[in-house]
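2 protein chains.
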Amino acid sequence: MPSVPDVRLSPTSYVVLGMIALRGPSTPYDLKRAVGHSVGYFWHFPHAQLYSEPERLTDAGLLTCESETSGRRRKTYSITPEGRAALEAWIAEPSDSHFQIRDPAELKLFFNEVGNPDDVTRLAGQQIARHEERIALYEGMVERFGPDPADNPRLITLELGLEVEYATLRFWRALAAGDLAGLRKRRDLLDGPDVPDGTDTRPDQA
Amino acid sequence: MPSVPDVRLSPTSYVVLGMIALRGPSTPYDLKRAVGHSVGYFWHFPHAQLYSEPERLTDAGLLTCESETSGRRRKTYSITPEGRAALEAWIAEPSDSHFQIRDPAELKLFFNEVGNPDDVTRLAGQQIARHEERIALYEGMVERFGPDPADNPRLITLELGLEVEYATLRFWRALAAGDLAGLRKRRDLLDGPDVPDGTDTRPDQA
DNA sequence: GGACGCACCGTCCCGCTCGGACGGTCCGAG
DNA sequence: CTCGGACCGTCCGAGCGGGACGGTGCGTCC
Numbered sequence: 001m002p003s004v005p006d007v008r009l010s011p012t013s014y015v016v017l018g019m020i021a022l023r024g025p026s027t028p029y030d031l032k033r034a035v036g037h038s039v040g041y042f043w044h045f046p047h048a049q050l051y052s053e054p055e056r057l058t059d060a061g062l063l064t065c066e067s068e069t070s071g072r073r074r075k076t077y078s079i080t081p082e083g084r085a086a087l088e089a090w091i092a093e094p095s096d097s098h099f100q101i102r103d104p105a106e107l108k109l110f111f112n113e114v115g116n117p118d119d120v121t122r123l124a125g126q127q128i129a130r131h132e133e134r135i136a137l138y139e140g141m142v143e144r145f146g147p148d149p150a151d152n153p154r155l156i157t158l159e160l161g162l163e164v165e166y167a168t169l170r171f172w173r174a175l176a177a178g179d180l181a182g183l184r185k186r187r188d189l190l191d192g193p194d195v196p197d198g199t200d201t202r203p204d205q206a
Numbered sequence: 001m002p003s004v005p006d007v008r009l010s011p012t013s014y015v016v017l018g019m020i021a022l023r024g025p026s027t028p029y030d031l032k033r034a035v036g037h038s039v040g041y042f043w044h045f046p047h048a049q050l051y052s053e054p055e056r057l058t059d060a061g062l063l064t065c066e067s068e069t070s071g072r073r074r075k076t077y078s079i080t081p082e083g084r085a086a087l088e089a090w091i092a093e094p095s096d097s098h099f100q101i102r103d104p105a106e107l108k109l110f111f112n113e114v115g116n117p118d119d120v121t122r123l124a125g126q127q128i129a130r131h132e133e134r135i136a137l138y139e140g141m142v143e144r145f146g147p148d149p150a151d152n153p154r155l156i157t158l159e160l161g162l163e164v165e166y167a168t169l170r171f172w173r174a175l176a177a178g179d180l181a182g183l184r185k186r187r188d189l190l191d192g193p194d195v196p197d198g199t200d201t202r203p204d205q206a
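Protein sequence lines, in the order shown, are assigned to chains P and Y.
In terms of full-length UniProt numbering, the first sequence opens at residue 1 and continues consecutively.
In terms of full-length UniProt numbering, the second sequence opens at residue 1 and continues consecutively.
Fair warning: there could be bad hints in the mix.
Identical copies carry no separate label here, and so any pair may be met within one copy or between two of them.
Stated by the list, open to error - Below are the SDA-like pairs computed for lysine to any residue, each with C-alpha atoms no more than 20 Å apart in a straight line:
| id | residue 1 | residue 2 |
| --- | --- | --- |
| 1 | 32 | 101 |
| 2 | 185 | 55 |
| 3 | 185 | 138 |
| 4 | 32 | 122 |
No wet-lab data here; the hints were simulated from the structure.
Owing to the predicted nature of the structure, the values given are computational and were not obtained by experimental measurement.
My request is simple: use the sequences and hints to build the entire structure.
The following block contains the structure:
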């Protein structure tokens, strides 16, 4: 196996690698569309990177590139055994970091003290609408593929997306209704009132 | 009111503005710590930006800067009326974008087909532990401040964080147990089995 | 059937982001 | 006084982000 120049593989790298592994040889534009209606829903990747990243990965020996000569300039990338190995290694290795939720609305909520109170109400209304829309979208997808995740393993991720969307929706509805206590109560109903496990990680100062 | 050179205000900008609005005059290091045990939990901001961003904002007239002369070089930033106005305007204005969940684990799950099946099991186990830890941390914070969000409006955001953490935890537990159907069932129990509202946004191709 | 219009596709650019390395500062212990 | 370690600030280089721009192919209309 030829030695691979060490490159930093970012999440973007793995998305490219993964998409090509799942779909077979692809052009950047293929990737753009594939990402756009799958992982793109919860993690946005700007399209320009889907052009530059495969180049990097080709240099690193994880992809090979075939340029079309006639007509529209177009490059088709395929995954190499090294690429597949790198992808599998990443999947198998323990995850390094906790998730991030990048939600401007959440920031606005946090800083709501400086605005005026009914900003929060408006914000909540907006978020409710937004998340309802998302849920309808996701539910539609589930419906079109059948509810059984065995049919399409990629749909498992959709289920996670739905769970999070519903949770967020519940939160904003409770906030709009001024009933956060009810939210907590319903949560306990599902999970039991006790904190799960509780390693004694001490929360730090706030 | 002096005219303000137009600058792009990013979420980072508003975090800086917001933190200074809430806390009063602060040094970048103050901001770093304040962010670190609040918004930093769900949206990571690299510390270097908390030094450079206030500079930008000062140029834009949204902050003022006072340098300490003696001892350690240190700059204390305060918010100007223009800064506060910009912040309030942002809070009031409708949110532009949907949240993003940047979770490497979610990506790994999506690409699980290419790895081997028990990678998923290991992943689930890891995530369960990770989220339980987080929940314990957050619950600890809630406890220290009392459960009544009226006591501290900043804690409302914590409640959202908890809701999302619990949802995610439920998902990974269900996945580990091989019972995603049960997950869906419990969700219906909370929200009713019907898709909320459903604007007829058609899901696109998959 | 040439000219036009528009969707499709690829590239470039520039400012910001990111994380880590590095260096200075303060304070307590030895 | 000196040393060490926590505290604090700056710098740098690679990567990200998103929008502008330009080319390509195809259908349409005169």
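Hints versus structure:
Proximity of residue 32 to residue 101 under the C-alpha cut-off of 20 Å is restricted to the inter-copy arrangement: shortest distance 19 Å between copies versus 22 Å within a copy. Taking the shortest Cα distances, residue 185 and residue 55 never come within 20 Å of each other, neither inside one copy (52 Å) nor across copies (45 Å). Proximity of residue 185 and residue 138 under a CA criterion of 20 Å is satisfied inter-copy only: 16 Å between copies versus 27 Å inside one chain copy. In this homomeric assembly, residue 32 and residue 122 never come within 20 Å of each other (Cα to Cα): the closest approach is 34 Å inside a single copy and 30 Å across copies.
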